[in-house]
Amino acid sequence: MRPENYQPVEHPPSHEFELYFGPNHPGIEGNYALKVRFNGDKVENVTADGGYLHRGFEKIMEERLWIQNVALVPRICVPDPPPMEETYAQAVEMLGGLEVPERAQWIRAMLLEMSRIAAHLFIVGGCAATIGQYSNMFWGVADRDRILDLFEEVTGARIYHMFITPGGVRRDIPDGFLDRLSHLLDYLDARLPEYDDLFFDNPVHHRRAEGIGQMTQQQALSWGVTGPNLRACGLPFDVRRDDPYLIYDQLEFDIPTETGGDVLARTMVRRSEMIESTKILRQIIQRLPHVKGPIRCPLPNPLAWNIPAGDAYARTEAQKGELAFYVVSNGGTKPWRVHVRGPSSMHAVQVLEKLCLNARIEDIALIMFSLDACPPEVDR
Amino acid sequence: MVETLWILGKTLVQIVIILIPIILAVAYLTYAERKIIGYMQVRIGPNRVNFSAIPLLRRGRGLGQPIADTLKLLFKEIIIPSNSDRFLFVIAPILSIAPALAAWAVIPFADGWVLADINAGVLYILAMTSIGVYGVIIAGWASNSKYAFLSTLRVTAQVVSYEIAMGFAIVGVLMAAGSLNLGDIVAAQKGSIIHWFWLPLLPLFVIYFISGVAETNRAPFDVAEGESEIVAGFHVEYSGMLFALFFLAEYANMILISALAAIMFLGGWLSPFQGIPVLENLFSWVPGIFWMLAKMATLLFFFLWFRATFPRYRYDQIMRLGWKIFIPITLVWIVLVGLFILMKLPPWFVA
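Protein sequence lines correspond, in order, to chains E and U.
Quick note on numbering: the working numbering labels position 299 of the first sequence as 299, and the sequence is numbered without any gaps.
Quick note on numbering: the working numbering labels position 4 of the second sequence as 384, and the sequence is numbered without any gaps.
Check each hint, because a few of them may be wrong.
Said to hold, decoys possible - Below 25 Å or equal to it, Euclidean Cα-Cα: the simulated DSS-like pairs (lysine-lysine) are: (1) E/K35 - U/K526; (2) E/K354 - U/K526; (3) U/K526 - E/K42; (4) E/K354 - E/K42; (5) U/K570 - U/K724; (6) U/K704 - E/K42.
Note that these hints are calculated values from the structure, not bench results.
Quantities reported herein were computed from a predicted structural model and do not represent experimental measurements.
Using the sequences and the accompanying hints, generate a full structural model.
In structure tokens:
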């Protein structure tokens, strides 16, 4: 006798099957799960299932002092932490009415651009690794390590610098640092043709990446995609240019775009952005020695630092796209609410689900990496 | 009776003499792969395990690594998933290693150095390598895992398609040499480096080697194992020595493909300096097996080199390459080889 409320189990049709892609999968950056329904090799439906890296940063920050949060924000996104620090610092500066000295602004911009190159190397290498070319990944990681060495020299830390504080930076750059940075840029320029041969111009890579995960400019805009992913659709939108912060209005740089909107276009935009970042860094190397002055504005006692009530929305161009912090203060020593508008929370969930449709199994990891989906930042 | 026992004992000893170097070669091929790809990827590769008891090898740059790996795999637990078919699960790796080793019976390492000098040598090798794919199919089926099953479907289609292109490439060699015996195929290439079959059969040589890469599921055709897609493919549920058997089979097949390519297209044990006035005499003391091994090593290096430089092809692209490019080219070239033979094109087909 079947019970009254008996419901037969719904099986998918025999030509379809479901596969759990993650949360622990070699092709996925961080812990992130995709529940994929396949028809043969074709993807019929994708359901993104995040939350495996949820560490509750936004809530924790409400329980910490304004200055303590400096140590917390870089941990939101692992490959590209300085923009997090910068954006948080900007929001606090807006609220507290702090004026950042010019020298600190140049140093900050330098760190941001170094971080952009490092993160792009990392993510382009990751793209290569998802299609089985580990050489490019190891090269990228090895060259990124040289940038991390320089980070260590300036900030004392390789990944989580906690260097950009509200009101300035923690300390000045060491002697001879700009020369070493200049050498590094020369080295990276010399390496670029090798990367081109191995990966960017590799015919097999072009065959794999062309036409995969394509989106139009209209779609990208309506889905809220920013950063290299939007520029790969042909729209030259960049916060550094369109809403300049720090000293970016004094620098000359192009905003590279591609028109394909597919995986290949996104990779190529990242390649051109690395070149642009080296150009920016060269300009900074020339200008920074002539900018004298303090590196930090005087701060009150950080343990009893009351920031006037109000709210602030600060935005910057991180490596993944537009990054913004919305910070509300009710006049106390701690923020009342912090909201992080992470770029990948826009394009790593819904957009990823849509782009994966009609792709093949092999392309899922590639699409995810090419979107620069960063699970720690999605979950925050 | 005594005579039978004598032949049996002699054959057994010969088998051991062939198999032990092959298994050692497989072990050190993994070491070479890790080292070579390591240097190509700006890292060092294994460098910790050394033979500290032997003075010369005390600073051996990780030469002990394959031995350590083998020991580790031997002592690991073999986990058999509860939902798997136990019998098939265990038989699958055996099915893939046995033909990979058995195929070596007909390979001549030097003039006359062959275990079984049979006239259908090439056919025997084709038969053995086709059995090998059953191990993979059964492994994927018996594991009862979606990832393994997906990989099995891919391997089956891929290996079957590339076997056709490979078979046609071999047909070209058979026509040129006029024999299925591997020793005779080498003998037909005597003369000089230009007499080797790589030149008249150049497209077939390239297609044979690329098909060989696809046949052994190596990068850039490693969709069967596609680490970032289907995790490890057919052997995702295997552990310990059962996994090691798949590993052994893959590398033994790589060496086999290189040996065959060396025999059929690069003149096997023949010296590359044959027919060159001074150099020929200068190098006449070098034993044939050295040239054979050198040619195999060069081809094996290509396997590793491919892995470090090429991204993986997508599965449908692999199938397109196999069916729409390789098979037509081989078919056309077989006709051309027929014409060459009819025209008695010098210097290859004069006989």
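- Query: Taken at face value, is the distance from the CA of E/K42 to the CA of U/K526 at most 25 Å?
  - Reply: holds (15 Å)
- Task: For the pair supplied as a hint, U/K570 and U/K724, confirm whether the alpha-carbon distance does not exceed 25 Å.
- Result: With a Cα-Cα distance of about 16 Å, the restraint between U/K570 and U/K724 holds, given a limit of 25 Å.
- Query: Quick one, are U/K704 and E/K42 close enough, alpha carbons at most 25 Å?
  - Reply: holds (22 Å)
- Take the C-alpha atoms of E/K35 and U/K526, compute the straight-line distance between them, and say whether it is at most 25 Å. Given pair E/K35, U/K526 holds - Cα atoms ~13 Å apart, limit 25 Å.
- Query: Taking only the CA atoms, is the gap from E/K354 to E/K42 under or equal to 25 Å?
  - Reply: holds (13 Å)
- Message: Next pair to validate is E/K354 with U/K526; report whether the Cα-Cα distance is within 25 Å.
- Response: Holds, at about 23 Å.
Checked against the numbered hints given earlier, the structure satisfies every one of them.
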